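Engineer: First to last, the protein sequences are chains A and B.
Just so we're aligned, residue 1 is where the first sequence starts under the numbering used here, counting upward by one.
Just so we're aligned, residue 1001 is where the second sequence starts under the numbering used here, counting upward by one.
Careful: at least some of the hints might be erroneous.
Unchecked claim - Listed below are the simulated BS3-like cross-link pairs for lysine-lysine, each with C-alpha atoms no more than 25 Å apart in a straight line:
{"#": "1", "chain 1": "B", "residue 1": "K1149", "chain 2": "B", "residue 2": "K1084"}
{"#": "2", "chain 1": "A", "residue 1": "K88", "chain 2": "B", "residue 2": "K1149"}
{"#": "3", "chain 1": "A", "residue 1": "K88", "chain 2": "A", "residue 2": "K123"}
{"#": "4", "chain 1": "B", "residue 1": "K1294", "chain 2": "B", "residue 2": "K1309"}
{"#": "5", "chain 1": "A", "residue 1": "K269", "chain 2": "A", "residue 2": "K123"}
{"#": "6", "chain 1": "A", "residue 1": "K59", "chain 2": "B", "residue 2": "K1084"}
As the list claims (entries may be wrong) - Now the stretches of chain A that chain B is said to cover, found in silico as 3 or more residues with beta-carbon under 8 Å:
{"#": "7", "stretch": "64-70"}
{"#": "8", "stretch": "107-114"}
Derived from the structure by calculation, the hints contain no laboratory data.
Note that the structure is a prediction, hence the values are computed from the model and not measured.
Even for Gly, the Cβ is constructed at its ideal location relative to N, Cα and C.
What follows is each chain in one-letter form.
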Amino acid sequence: MAEDLRLLHKDRILAVKDLPTLPNVLQEVSRLVEDPTSSTDQVAKVIAYDQVLSAKVLKMVNSPIYGFPGRIGSIQHALVLLGLNVIKGVIISTSVFDVMTSTMSGLWEHSLGCALACTEIAKVVGLEDPEEYSVPGLLHDLGKVVTAVQLPDVKQELDATVRQRDCTYREAESLVLGFTHETINGWLAQHWRLPLKIREGMSWHHAPTRAEHFPAAACVVHVADFLVKVYEYGSSGDDQVPALDPNALKLLKLGTQGLDTVMDSLADKFLEVADISFN
Amino acid sequence: MTDMLHPGLDAELPRCRHRGVVITADAALAAMLQALWPAQAVCWQVFERASQALEELYAEPPDLLLVDELLPDMPGLELAMALKSENVYRQMPVVLALGGPEALERENWSVTEVDELILRPFFPAEVKARLALTLARACRTLDANPLSKLPGNTSIIQRIQRLVEAKAEFGLAYVDLDNFKSFNDRYGFSRGDEALMMTARLLVNVVREQSSPSPAMHFVGHVGGDDFVFILPAAQMEAACQAVCSRFDAIVPSFYDEEDRRQGGIRSTDRQGNEQDFPFMSLSIAVVMNHNGKLTHAGEAASMAAALKKKAKAISGSIYVLDQRQH
């Protein structure tokens, strides 16, 4: 019975056709792609602030029609390979949330914060190509967005459960759905043929050492998620700070001093993006 | 070909001649076809019976075959299907002329191997447009690279020849992938195809980003395997080459497995047990510039590029070499 319901939910979630985003970033990206003097790098930079546009672009470039599924994990590279024509098409066909904008803007901020934190952590612990860790950070709560769009009744029940029980959003997911957003992330990442590193970062950030191939990516997202909540930058659906898994720090060889460095540079990063508003 | 692609321009461009064969007992149809294009653009050979035409068709397949469904000796469709069942004649574009609208209901067109239909009563302008489309489509399909779908050799040579004759100030870039073979050996052909598709897409986008006064000077072709060609106005060539090289070098590591990616390439052991290191794939680009209309024919560009290529090969990482000689 529970299994049937899970499959039903999975089908609804993977059937997502038109994932909306928030109006502000969409406006800015639309303006850029209409401006003939814009470079792909400029457009990529703005798209990389928005979890939904980033997911759409990565889904597109990794679709079999382009011939290299699962290879492209960077927004910059995706734009170079798709070209501005295709990007324009994606932008034009993207709608915006007409309701829920206020609940979603917190989640957008939280995701952007997490993306920035991932890059900083990857830099401090000396991982190669640290920018590659920002995408799994940006997309780590995408499952929550897709649930809100595809299962709006469930979304209301989740919010109510968080309020009544004063629990985490994830605990509410377990209670209401029987599975959590990381499971949804895994379905989406696989369905859209996103690279394995992104998929594992998205689906194991709450149990980071269990990731099979890229535990470092999952650990980076895990620590980033924690830090962004400590900073109270944005909101991911509840006001609790989740537990920090000491094994994640151990795996990344991130000590107190390293954490301090990350927190300092993250404060600077947050200032840099202070003018970005999702409201 | 050009004249057929631009039916309105046929008087200006009689260079390429096309041979059409029409099999019909309807003298009016034959006469109408012959009046559509000047004889130096398309010349029609008319047969009244299928039996007269078959040997000619097999021996010298035309660029376009038009068959009337009503022939004195056999159904036209049967003749068309007989030709299409032979692999070597399959690409010959076949147009079927139907007696009237009622014939449309008779066949299952999803399993009928013809390329186009024309319907009585004929409107000459419509027939002309349909035949031109059929020829152009056949040419595209035949010439396109099956993997990248980019135009292939015939289109590449035609394009170069056209620009050479127009004495256009264009640059012609020959692109190939270094260390592609070791990549293929290590990961297999389908992974090699991924890298080729990425390269094709990269070239298409870089070329499209450059502004060009004439669409004829915007071109990407796939010679085959890991060889590509692109054309741009001479003045934009260097910027385009820089973009192609830097983007390729940034993206290509994603196409390697994590372990190889970390060590910066592929380490393999040959039959003698010697270890050999192959760095990441990179591009070599040799660019021939048609300054002052110095090129006289398409083949000349190819041989100049081959010589330049040797220079590019001597250096590692993606690299381009421009030929800047004025004459």
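Engineer: Checking against the hints above, which ones are violated?
Structural biologist: As far as the earlier hints go, 3, 6, 8 are violated by this structure, in ascending order.
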